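Fit chain B to the supplied structure of chain A, relying on the hints for placement.
Protein chains: 2
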Amino acid sequence: MSILVVGSVAFDSIETPSGKRTKILGGAATHFALAASYFTDVRVIGVVGEDFTAEHEAVFEKRGIDTEGIERADGLTFHWTGEYSGSLNEAKTLGTDLNVFATFAPKIPEQYKDSEYLFLANIDPVLQLQVRQQMPDVKLVCGDTMNYWIADHRANLDKVLAVLDVLLINDGEARMISGEHNPVKAAEKVMALGPKSLVVKHGEYGATGYFSERAFGGKASRPFRAPALPLGEVVDPTGAGDSFAGGFYGYIASQPELTPAVFKTAMFYGGVMGSFAVERFGTDRLASVTSEEINERFELFREISHLEDALAGA
Amino acid sequence: MSILVVGSVAFDSIETPSGKRTKILGGAATHFALAASYFTDVRVIGVVGEDFTAEHEAVFEKRGIDTEGIERADGLTFHWTGEYSGSLNEAKTLGTDLNVFATFAPKIPEQYKDSEYLFLANIDPVLQLQVRQQMPDVKLVCGDTMNYWIADHRANLDKVLAVLDVLLINDGEARMISGEHNPVKAAEKVMALGPKSLVVKHGEYGATGYFSERAFGGKASRPFRAPALPLGEVVDPTGAGDSFAGGFYGYIASQPELTPAVFKTAMFYGGVMGSFAVERFGTDRLASVTSEEINERFELFREISHLEDALAGA
Numbered sequence: 001m002s003i004l005v006v007g008s009v010a011f012d013s014i015e016t017p018s019g020k021r022t023k024i025l026g027g028a029a030t031h032f033a034l035a036a037s038y039f040t041d042v043r044v045i046g047v048v049g050e051d052f053t054a055e056h057e058a059v060f061e062k063r064g065i066d067t068e069g070i071e072r073a074d075g076l077t078f079h080w081t082g083e084y085s086g087s088l089n090e091a092k093t094l095g096t097d098l099n100v101f102a103t104f105a106p107k108i109p110e111q112y113k114d115s116e117y118l119f120l121a122n123i124d125p126v127l128q129l130q131v132r133q134q135m136p137d138v139k140l141v142c143g144d145t146m147n148y149w150i151a152d153h154r155a156n157l158d159k160v161l162a163v164l165d166v167l168l169i170n171d172g173e174a175r176m177i178s179g180e181h182n183p184v185k186a187a188e189k190v191m192a193l194g195p196k197s198l199v200v201k202h203g204e205y206g207a208t209g210y211f212s213e214r215a216f217g218g219k220a221s222r223p224f225r226a227p228a229l230p231l232g233e234v235v236d237p238t239g240a241g242d243s244f245a246g247g248f249y250g251y252i253a254s255q256p257e258l259t260p261a262v263f264k265t266a267m268f269y270g271g272v273m274g275s276f277a278v279e280r281f282g283t284d285r286l287a288s289v290t291s292e293e294i295n296e297r298f299e300l301f302r303e304i305s306h307l308e309d310a311l312a313g314a
Numbered sequence: 001m002s003i004l005v006v007g008s009v010a011f012d013s014i015e016t017p018s019g020k021r022t023k024i025l026g027g028a029a030t031h032f033a034l035a036a037s038y039f040t041d042v043r044v045i046g047v048v049g050e051d052f053t054a055e056h057e058a059v060f061e062k063r064g065i066d067t068e069g070i071e072r073a074d075g076l077t078f079h080w081t082g083e084y085s086g087s088l089n090e091a092k093t094l095g096t097d098l099n100v101f102a103t104f105a106p107k108i109p110e111q112y113k114d115s116e117y118l119f120l121a122n123i124d125p126v127l128q129l130q131v132r133q134q135m136p137d138v139k140l141v142c143g144d145t146m147n148y149w150i151a152d153h154r155a156n157l158d159k160v161l162a163v164l165d166v167l168l169i170n171d172g173e174a175r176m177i178s179g180e181h182n183p184v185k186a187a188e189k190v191m192a193l194g195p196k197s198l199v200v201k202h203g204e205y206g207a208t209g210y211f212s213e214r215a216f217g218g219k220a221s222r223p224f225r226a227p228a229l230p231l232g233e234v235v236d237p238t239g240a241g242d243s244f245a246g247g248f249y250g251y252i253a254s255q256p257e258l259t260p261a262v263f264k265t266a267m268f269y270g271g272v273m274g275s276f277a278v279e280r281f282g283t284d285r286l287a288s289v290t291s292e293e294i295n296e297r298f299e300l301f302r303e304i305s306h307l308e309d310a311l312a313g314a
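Quick mapping for you: the protein sequence lines, in order, are chains A and B. Per the working numbering, numbering of the first sequence is gapless, rising by one per residue and ending at 314. Per the working numbering, numbering of the second sequence is gapless, rising by one per residue and ending at 314.
Pulled out of the complex, with its shape left as it was, chain A reads as follows (with noise of 0.2 Å):
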């Protein structure tokens, strides 16, 4: 089944500590369609502009994503600037040159039309909003945001959320939407919001997944926790969360249907993308590894994770 996702395709300038990279290619709609690229057809909406060379290009064609739904601008693309210190826990943004992306109005083409998975990036609430209104008869709507949308533009996004089946967002970003410290009441607020389900990323500790009734018929009740791999080194963090989501939503579209199994492995696949993602800079690993690779890494997380056998109790 085809994904079509819409966001950000980029330029980052990185500086971690295991080194600095200026200008290469990024953004979440980047990150995303790579790693679900491992899993199903993908179709980008998003915009670029004169500075996106067919090497960029080339970045996506390798992996077979479609790339017809990115406009080609007057001017520079996207811009982003940022750089982590030892915990490698937070970027500390030093510059968004939005650049092109200030005037971006999203078109879906004709032919994506018929894409039954949609992921809406992180970017403004307005324009996911304006690509989900174009895809009314999509099977499933997933979604991501920031920070900085819902400290300042939460009438928009609240538009948005409405019309999710599936949130992915982090910590932070659950307490600050719902305004409770507890994580489950937390996720209760936020699904009270729209989505039907919400995952809930942990960086390091991986990820945890809840379910409002609206999800598999109240089926799936009980949260479900997806681990992390303890890496002894990240190199650069940049596009975790987002190939987290590609990995996940890639998975999703994968299988015939969306069922608590289904979506409890996805959440597997996902920490399993952005362990990757975080091995090099920039897109460079999303982009060579192999679907033998992600599956060995599979069977790790599932071992890092599974007892063997049950064993007498209390």
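Calculated directly from the structure, the hints in this document are not laboratory data. Bear in mind the structure is a predicted one, so any value in this text is a computation, not a measurement. None of the hints are false.
Which copy? The list can't say, so a pair holds if one copy fits it or any two copies do.
Restricting the straight-line Cα-Cα distance to at most 16 Å, the calculated cross-link-like pairs of lysine to aspartate or glutamate (EDC-like) are:
1) K139 with D114
2) K264 with E308
3) K185 with E233
4) K189 with E233
5) K219 with E303
6) K107 with E68
7) K219 with E308
8) K113 with D137
9) K139 with E257
Just chain B now, with coordinates in the frame of chain A:
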């Protein structure tokens, strides 16, 4: 098999968003012993004052915990006063009255010397070492510590680390001991100081087990991640770590041999006992839980973290 635990038996005065309690039974050895008592025989080495009454004694007796090793000294019992604010992640210590603990010199009763499992709960490393030296023939030694000893008593603590089989600490303590941000590198550095294996607790995110080549003859080289239960209400986090330790080590002592499978299952039981401990103030919940409830919750921990079956991959 019997566990011998040395640590604080104390009174706690605690304020949390759920309420306030004054001078209720607490202490690391108390929480540990109650949690472990559901799995195996437990003997306690500690000291209390004249304010420790038959009513407090009865909490141990009802769980069949051997308190012969708890010395009755003139003066008052160790008293900790603390409070938790909104996020409940960290206690703010308002008072630490060592009282009879200030001059405590642990002496192991003769009838305790056949204990096969030793747990050195969080106390002065000098005392931990004194106990360890009086128990030269134990099968397994597991210990805990805290930021205070790491920061200001490092030389003494290092002597304890050198004689431990298993160390249980939290993320912050692992970073402090190792001077490393990266969790995998931190674990390696900590184990190089002595412990063959290490359990790093992540609070609401569960725990990670790390194994050196000296553990299990190198048969368990991968880290292992055990979940915590997402809880809608945490009444009192005091003693959660000690209760984790009690469930973890109690389960280990109940098994004929410490294998990688036993270690991993023990981490799940640690999480189970920690999840009960925080449901009410002080020892209330741990003193009254049933083996049936423990086994039900163990199954819940499995359910929220295990995939139902292997599905097709990337």
